[in-house]
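Between the sequences and the hints, there should be enough to build the whole structure, so can you do that?
Residue numbers (this note's numbering), protein chains in the order written: chain A, 1 to 415; chain B, 416 to 786.
By construction, these hints were calculated from the structure, which means they are not laboratory data. Among the clues, some could well be false.
Just a few of them, taken from the derived set where beta-carbon distance is under 8 angstroms, the chain B residues facing chain A [claimed, not checked]: (1) TYR484; (2) VAL485; (3) TRP486; (4) ASP487; (5) LYS528; (6) ALA531; (7) LEU532; (8) ALA536.
All C-beta atoms in this analysis are idealised placements derived from N, C-alpha and C, irrespective of residue type, glycine included.
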Amino acid sequence: MSADRSHHHSGEGAARVYLDHAATTPMVPAAEAALADASALVGNPSSLHRSGRRVRALVEESREQIAAALGAHPTEVVFTSGGTEADNLAVTGGYAARTSADPLARGVVTSTIEHHAVLEPAEALERVGADLRLVSPEPSGTVAVEAVRDALQRIEAGGARVALVSLMWANNEIGTVQPVPEVATLARARGATVHSDAVQAAGPLEVSFAESGLDLMSVSAHKLGGPAGVGVLLARREVPLQPLVRGGGHERGLRSGTLPAALIAACAAAVSEAVARRAEETPRLVALRDRLFSGVLGLNLGMGAGGRWTPGSAVDRLPGNVHLVVPGCEPDSLLFLLDAAGIEASTGSACQAGVPGRSHVLDAIGVRGDGPVGVVRLTLGRTTTEADVDRAVAALADCVPRARAAASVDAGVPA
Amino acid sequence: MRVVAAMSGGVDSAVAAARMLDAGHDVVGVHLALSRNASRLRESARGCCTLEDAGDARRVADRLGIPFYVWDLAERFQRDVVEDFTAEYAAGRTPNPCLRCNERIKFAALLDKAVALGFDAVATGHYARIVDGPEGRELHRAVDPAKDQSYVLGVLTADQLARAYFPLGDTTKERIREEAAARGFSIARKPDSHDICFIPDGDTRGFLSRALGEAPGDLVDATTGAVVGRHAGTHGFTVGQRRGLGLDRSSLDGQARYVVEVDANRRQVVIGTADLLTVRELHGEHVRWCGPAPLGHIRVGAQIRAHGEEVPATAYLDRGQDGAAGRLRVHLDRGVRGVASGQSVVLYDGTRVIGSATIAATETRTPSAGR
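If you want it as structure tokens, here you go:
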């Protein structure tokens, strides 16, 4: 039993305000229903008997649903365990297939603000001989197409060819949208495999695989209303790709392992609903995001937006992402006070042993201060209301000065 | 009260947190990330502050149903405890890092941060008692003499004690383990950590050699002043040490030789016979009082090591300039062997801790009493 008393800790026992939808967002009822229904089915989708065929039909139906929602062909849908595995398969498998066919194809271009699921495999490739070029973003948080072109040209000037380009569609910390279609055009003109981590973008933004010009695109179910533990790598049929997980040859031999039919059905329900509701949901989130940004910046507490924010627009920033830079406090103190006040937020960067790590994204866009710099990522989603946003603004008005007071203590003076 | 329970992942701090909760306080569990390299699992049965310990603490907090956080104080710990430790050894002294950690981390960095974030107090799993006395809170020995940790808390000032809770001081360790098991804590049988937490393999000399490098010098005879050998660095030696001197036994007169002094400035390790080890008087600096500062001379019990015995003594306190805490002299009723500078002397009145000082110098002969 886990009766978390943190509810009482907030003092008034008020409902929690969940503003961490970029970490994971509640499952939509359609996904919950699909998960429950499919969990009741017996049968391995690879079995040839009637039970197997029935589960297989569910998987294929889900595949078609996802393909239709994301502008892909059903055969381009490769189910994985989630976004991280999809990214690993794209980067590692995409590079390996290119370089084994053409030893000169050793160039890898990606950005410094990618998720670790792309950066870590890219850096692992560098250790086994890849010519890795990391492109830094502008201070606005967006990678310039010219900077990618420069990196491609430097690889070619060195006598190598570009094997792989990977650029995230939208950044998970600061929510900035990247010029994926432009970069895809550039990369494919050079014969490179081009991938995008669209884990944060799929759902709130229109990410048509066919129109994007991408060879590979990663999507995660639990970021858009589905369950954790399942994701998709969209992979063009002709793109060369080596599997990471070998075995029974499932998923075109790209990802072996018995297909988790219930997770897949729930994933499909979530993807379909996210795409179907985008036209109404995205403007709603943009309005909430802008209300939160305006409210917080109007406090005049010296907070600023991390990455560019254009009110009214989801073109350069995710509709649900509010990222705040709070000079003068420690990130963990601010998160602690917000949690105690009932506001569930994040720094957006990966935790190590329960402590928020230093953000490579903020380093990349040059966020620094003389003292400690606090960051809060508030990410909105399906369940977020105006009242939630207003409570978050009120909580920040109270918590930021207190977190700053704690930071002056934190800095400490040796006795 | 709103209380931070410092949770190491061990049995004691787990029961301490549970007892604070039972007492009706609003408790939040905080694990201190003190290692700069916390993302590893325990390397041996010893040590602490690993990923595994943080996980153990988290599971206890889950079981208690209290919020749990990890606070990263690694930088402060590195500066105020680890670097202090190596600097003390480099200067030829023998520090106790647990005292330093209580003084500067648990009841300073942690307590200050907790107060700034709206808490009233910090509770730990130390074996010691706090008693309300006529002049405020008093620090006393725990009822379990085998586990008493009042010595390593002797650095706490009245202000620090005012916000400290030690819920285990009235119980024996054996009963705490039973209680942990009864409460369903999976760590009830987890072994105690005995060593210095930032030296998990227990090899202090190896740690110091890596931190300080080699600084070879002479082994010198205390009586004759003759050079009798070489050493790789004074930080490998502690007053009272007998082993590892590398002396040629044939040159000795059949009597055992001990380190009697470590002179880091001259890179000398001075060795001598046992009689030179017997200390009768201590000079203290960095004097800290757990309550009102006494003046003049008082009768005390003096304890010089974490698990050492208490020796009857008279403490003489000089007022420093401008009324600041001055130097402390402690005259021991009987000689104590192997006292190194850098160690702390903690003064007791019965079970009550009066205060502490860092030993700056020792004298083997009985000086004239009084001034």
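Hints, one by one, checked against the model:
1. Checking TYR484/B against chain A by beta carbon gives a least distance of about 6 angstroms; that is within 8 angstroms, so the hint holds.
2. Because the smallest distance between the Cβ of VAL485/B and any Cβ of chain A comes to about 3 angstroms, under 8 angstroms, the interface hint for this residue holds.
3. The closest approach between the C-beta of TRP486/B and any C-beta of chain A is roughly 6 angstroms, which is under the 8 angstroms cut-off, so the hint is satisfied.
4. Taking 8 angstroms as the C-beta contact cut-off toward chain A, the hint placing ASP487/B at the interface holds, the least distance being around 4 angstroms.
5. For LYS528/B, the shortest C-beta to C-beta distance to chain A is roughly 6 angstroms, which falls under 8 angstroms, so the interface hint holds.
6. A hinted interface residue such as ALA531/B counts as satisfied when its beta carbon comes closer than 8 angstroms to some beta carbon of chain A; here the least separation is about 4 angstroms, so the hint holds.
7. For the restraint placing LEU532/B at the interface with chain A, the shortest Cβ-Cβ distance is roughly 5 angstroms, inside the 8 angstroms limit, so the hint holds.
8. Interface restraint check: ALA536/B against chain A, minimum CB-CB distance 15 angstroms, threshold 8 angstroms, status violated.
Checked against the numbered hints given earlier, this structure breaks only hint 8.
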